[in-house]
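Trainee: Sequence:
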Amino acid sequence: MQRNYNRKEKPEIVISKPSAIEVEKYLKSWKNLKNYQLQEDALDKLFFELLPSNEEISDILLKVATLNDFYSTNIFSVYPVAEHILSLRIDERLKQGDVTLVNEIQNVTINGVTRKFYSFSTKYCSHHNPNEYPIYDSYVEKVLKYFRKTDKFFNFKNADLKDYQKFKNIIIAFREYYGLEEFNLKEIDQYLWQLGKEYFPNKYK
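The sequence shown begins at 1 in UniProt numbering and counts up one residue at a time.
Just so you know, nobody snuck in bad clues.
Derived CB-CB ranges, DEER-like:
1. S87 - G179: 40 to 46 angstroms
2. K95 - L38: 24 to 30 angstroms
3. P201 - E92: 35 to 41 angstroms
4. S87 - K149: 38 to 44 angstroms
5. S53 - S16: 39 to 45 angstroms
6. K25 - S138: 20 to 26 angstroms
7. K116 - S16: 29 to 35 angstroms
8. E181 - D69: 33 to 39 angstroms
Only pairs whose alpha carbons sit at most 25 angstroms apart, straight line, appear in this in silico DMTMM-like list of lysine to aspartate or glutamate:
9. K168 - E141
10. K162 - D151
11. K142 - E182
12. K145 - E24
13. K95 - E40
14. K168 - E187
15. K186 - D59
16. K157 - E181
17. K162 - E198
18. K34 - D69
19. K166 - E104
20. K28 - E132
21. K168 - E92
22. K152 - E181
23. K157 - E198
24. K34 - D137
25. K186 - D91
26. K197 - D151
27. K162 - E104
28. K95 - E49
29. K166 - D151
30. K168 - E104
31. K25 - E187
32. K145 - E22
33. K95 - D59
34. K197 - D44
35. K168 - E40
36. K162 - D69
Just so you know, the hints here were simulated from the structure itself, not pulled from any lab data. Positions of the beta carbon are idealized from the N, C-alpha and C atoms, including for glycine.
Using the sequences and the accompanying hints, generate a full structural model.
Mentor: This is the structure we're talking about:
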């Protein structure tokens, strides 16, 4: 006996083609997201004014703990992460925009097990030098995959998004392909994140 199941097909997601007008629209929208805007202001004050350097474990610990709380980066033990960052002596490399730092910061050994905190690492670097370190997270990843599929703006593998040098190159290629050079990487970051949150929201049970 044949059964007919009336399954609702997921509506196809259609995102407006990236343009200066679209980016401006979302940057304006960002300013109206009061909770996110105030959170960013607090982080800017912490990273740029109060604790800009990474030479004291207490300073790093406070920054790591705050980022972990604000962004829910799932670091269950912040001290080993702060200790690891201190050991890398990162300040000069952060100023230079050294992309290899992200991959070095992300690998942290906790209780004999090496863990990868990739998204956190991009955020930590970005909050010291936002125009050189675009942030990786799942929202941004989904939007980049979407436009790879629809417009073929750049040829990349999914795994490339987890290699920071390649990830940054993908973001730059995205900006160039759609003629968005007037926007810095932080602004492109905010645009992509909002698109991801709107069109690919996380589903919590």
